[in-house]
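As you go down the protein sequences, you meet chains Y and Z in turn.
With our numbering as the guide, the letters of the first sequence map in order to residues 1 to 175.
With our numbering as the guide, the letters of the second sequence map in order to residues 1 to 175.
Since the hints were made in silico from the structure, they are not lab data.
Fair warning: there could be bad hints in the mix.
Note: identical chains are not told apart, hence a pair may lie in one copy or across any two.
[As the list claims (entries may be wrong)] Capping the alpha-carbon separation at 35 Å, the derived lysine-lysine pairs in DSBU-like fashion look like this: (1) Lys78 <-> Lys121; (2) Lys73 <-> Lys17; (3) Lys143 <-> Lys73; (4) Lys85 <-> Lys73; (5) Lys156 <-> Lys78; (6) Lys139 <-> Lys73; (7) Lys118 <-> Lys3; (8) Lys121 <-> Lys85; (9) Lys121 <-> Lys17; (10) Lys17 <-> Lys156.
2 protein chains.
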Amino acid sequence: MAKIAVALLHYPILNRKGETSATAITSIDVHDFARSCAFYDVAPVYLVHPAAGMHALIDDMTDYYLNGAGGDKNRARKSVLQAIKCVHSLQDIFDEDDYQLWYTSATPPEGECVDPAKLLKMEGKHLIVFGTGSGLDVKNMPKQNGWLSPIEGVGKVRHLSVRGALAIYLDRMWR
Amino acid sequence: MAKIAVALLHYPILNRKGETSATAITSIDVHDFARSCAFYDVAPVYLVHPAAGMHALIDDMTDYYLNGAGGDKNRARKSVLQAIKCVHSLQDIFDEDDYQLWYTSATPPEGECVDPAKLLKMEGKHLIVFGTGSGLDVKNMPKQNGWLSPIEGVGKVRHLSVRGALAIYLDRMWR
């Protein structure tokens, strides 16, 4: 069975104008990604951001739970945050481990997409990449193995929050 | 086909000691609930809290998007927040409309649960209630029609964030 890891990308990301851009890491994404991934036995959870100051901020926050008073009060949070790893780029992840690379988008480019349920049945290690901002800036990213099938809604908006999209992808993977 | 609405309950809620308690409404829940529900054509999104001050805080926040500068900058957010309704209690919702009442929990009481996909095929109006804190304080709540099937993980934690749980339930409803 496949071993699955997740990356939340904050650079290179598209802004609303379609320009190459960076976004800030938000603390709620860290907690929700750590929790949903622990729930579905997915690890590590890579937070990709080029700025050292952003890593320091996240390290401070996770340290409060991993080694400080927060973890005594909330042991589940301490447990799930162990999967969080800050890296500067996708390349940092590949320097550390060998992954097949899967991208996600509400509107992937035309062509065949892979059902997340199939991913789990494959061999080897797989990295699923989620974007922030207005999505992955693929022209400045490594060549992917494929795109996961988009989550299609029935209502009046085209995008879920990245927290909601992650939860649904992981649930679909296991069903 | 069923018409589905959602309520996020902040009282009566259990705290970690199992006591009847209230929680604060958090802004990220408002945004994520509004967005996920709009994505799956679910409305209204009721925020249940007894405190008038908490309603005023949420009204201020949503007003910035519904009538203020925030909505000009982020039209999708303006669109989805229209479904948000602050109420003081579940009873307020029933005074407004007639719903069948469905509760959710990571660990529902023993007995038959309903698959969310079946809910959508029923007739009439249905309200799905999500808890905050350590879950619904059902002994102080109206008698439910039933419980939705719990989301069962495969990893080391038993609970998702309520934002993640909502996204998965809505996705399962439509699949």
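Violated hints, by number in ascending order, as checked against the structure: Hint 9 is the one this structure does not satisfy, whereas the remaining hints hold.
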